[in-house]
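Chains as they are written, first to last, in our numbering: chain A, 4 to 328; chain Z, 2 to 275.
Do not take every clue at face value.
Stated by the list, open to error - Okay, derived cross-link-like pairs now, BS3-like style, lysine-lysine, Cα gap no bigger than 25 Å in a straight line:
| no. | chain 1 | residue 1 | chain 2 | residue 2 |
| --- | --- | --- | --- | --- |
| 1 | A | LYS280 | A | LYS40 |
| 2 | A | LYS120 | A | LYS237 |
| 3 | A | LYS20 | Z | LYS265 |
| 4 | A | LYS71 | Z | LYS51 |
| 5 | Z | LYS51 | A | LYS23 |
| 6 | A | LYS321 | A | LYS280 |
| 7 | A | LYS71 | A | LYS237 |
| 8 | Z | LYS265 | A | LYS81 |
As the list claims (entries may be wrong) - Chain Z residues, not near chain A, derived (Cβ > 12 Å throughout):
| no. | residue |
| --- | --- |
| 9 | TYR96 |
| 10 | ILE101 |
| 11 | ILE106 |
| 12 | PHE116 |
| 13 | ALA256 |
Think of the hints as simulated: they come from the structure by calculation, not from any bench. Positions of the beta carbon are idealized from the N, C-alpha and C atoms, including for glycine.
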Amino acid sequence: MQPAVETQSLTRVFRPKRKKEGSIVTALDSVDLRINKGELFGVLGPNGAGKTTLLKILSTLLLPTSGKAYVAGFDVEKDLLDVRKRINMVSGGEISGYGLLTVRENLWMFSQFYGIKSKEANARIEELLGRFGLTEKAKEKVRTLSTGQRQKMNVIRGFVTNPEIVFLDEPTLGLDVNAARAVRDFIVDWIRSDRSRTVLLTTHYMMEADELCDRIAIIDDGKILACDTPSNLKRMVKMNTTLTLSVAGLNEIAGFDTIQGLNSYSQTKDVESSTTKLRFVLEDESCVSDIVSKVVAEGSKIMSLQKTEPTLEDVFIKLVGRGLE
Amino acid sequence: MTDSYLMRNLRAVRGRAYPRLIGSTREPSWFVFDVILPLFTIAGYAYVYKFLDARAELIGYVVLGGAMTAFWLNILWSMASQLYWEKEIGNLPLYLMAPISRMSILAGMAVGGLFETTIQAAMTLAIGAIAFNVVFSLASPVMLLVVFVVTMIALYGMGMMFASLYLLLGREAYHLSALMMEPVYFASGFYFPVRHLGFWAAAGASVIPITLGLDALRQIIFPEGIAEDAFLPLNTEIALLSGLCVVFMVLSRYALRYMEYLGKTTGRLTLRWQ
């Protein structure tokens, strides 16, 4: 099957006009990616890793220094119109549009650049405004919107043209929890409702990438360090799972040594809440039931249970050698 | 979903013209800034001519020239500077990413700007004419329309070309616009017949389409002044303006292509504060 996006040794170098303006920056270094149709693909990396440069090349706003990039099978350097008809892009913190126009007018204006008939465009705008809870704001001028409302409008702008492939560059940047949730939910619903659609999302929010993406490429200094599903990426980290129990009424902490698969354990008494916090480091996760049975058999009551697994952040630290933030 | 490439571009022109068409109804302060304030300059020149007991048509020239300043200001501040401003607010990447000719965006800006500015200029002209008893000759309305249309196409073609060039200048663009106001009012003869600057100075100023356009309009509206004030024969001016239309449209297309290529090569077009 033809991939939605494909890059071959894609490289982008920024050279300063004058030496005193800085040094040469390699924003992308021989990037090879293959993103399938129907995928929600994430590019995870810190600021300056090359995420936005990648999106700009794919959206025909920037030329690669070397290598090739194809979107929907079309060359981003040669087949500009064919690529542009099929894509759209939304960036976090975007302030596009005109404050003098209403939300509906702004969205209509941008739809006209894609040749959508007004009737069709207005119907889509109404539907999407309703989806994002912005119907009441439709007649208000854009300059009166809050940051979250404005970003929701930007997201609608990106989707109102019904693109095959959407590039989302940090779409939830600076949004509050509710607004970010609304945007994420919409993205997932949009791609799941039609498997011919594709989303390429860049983010530096680990949780967002983990929650949304089918596959994730981890990028740093312009290089793709790993590319796989979130669960496979996490398996790359040889890290023991930990189980933390908060129990009440525990008198004896003994007999856990005999449980197979348990590496070590420790306890901390919380005098204030009269509970004991037990922390088990597991070699094999199948021993969880034995631990719980043992605690219950001691006559203790389990107040809470928490299992800690490797996160994308652990993966990132392993690959890059530092945290993302 | 979409029609032909032509229809898509026509819709894009309409879409980009819309903010300007609707803008004047949203901010009525334009009446003060764009209609009333120019009348003070017009009044200043008109009273000087009156005091000198000059020919009546000279006051007519001033009123017409004063009204036409609206177009030059629109070219400088709403056409030439526009793409730079669009870059700053983040619209430019969205325009460049759309599956349309970039000329459609500029054409939309021009159509919208021309419409709103024509209303402003017409109001200034009407109020100025009433205030200073200016009598217009409308013996050749078709010729008047032809000259106006050709002048505007050439002028807005120049604005479209400037839009790309200004983009390369970055923040300096605003200074350039400020620099090009008063000198052009003088060189193009907004408040006096350009012929009196001397042939070569007037010929040099004719690169700016409003110089010839204003002279041609004055010849049609105030025929009694042709013998003393006309720079070139009317037909010659129309022919030259037609030539400028083609030149500026072609140059604006090339400038836009060059700007886009340079932007895609250096990455400057999609970065703000550059």
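> Checking against the hints above, which ones are violated?
Replying inline: 1, 2, 4, 5, 6, 7, 9, 10, 11
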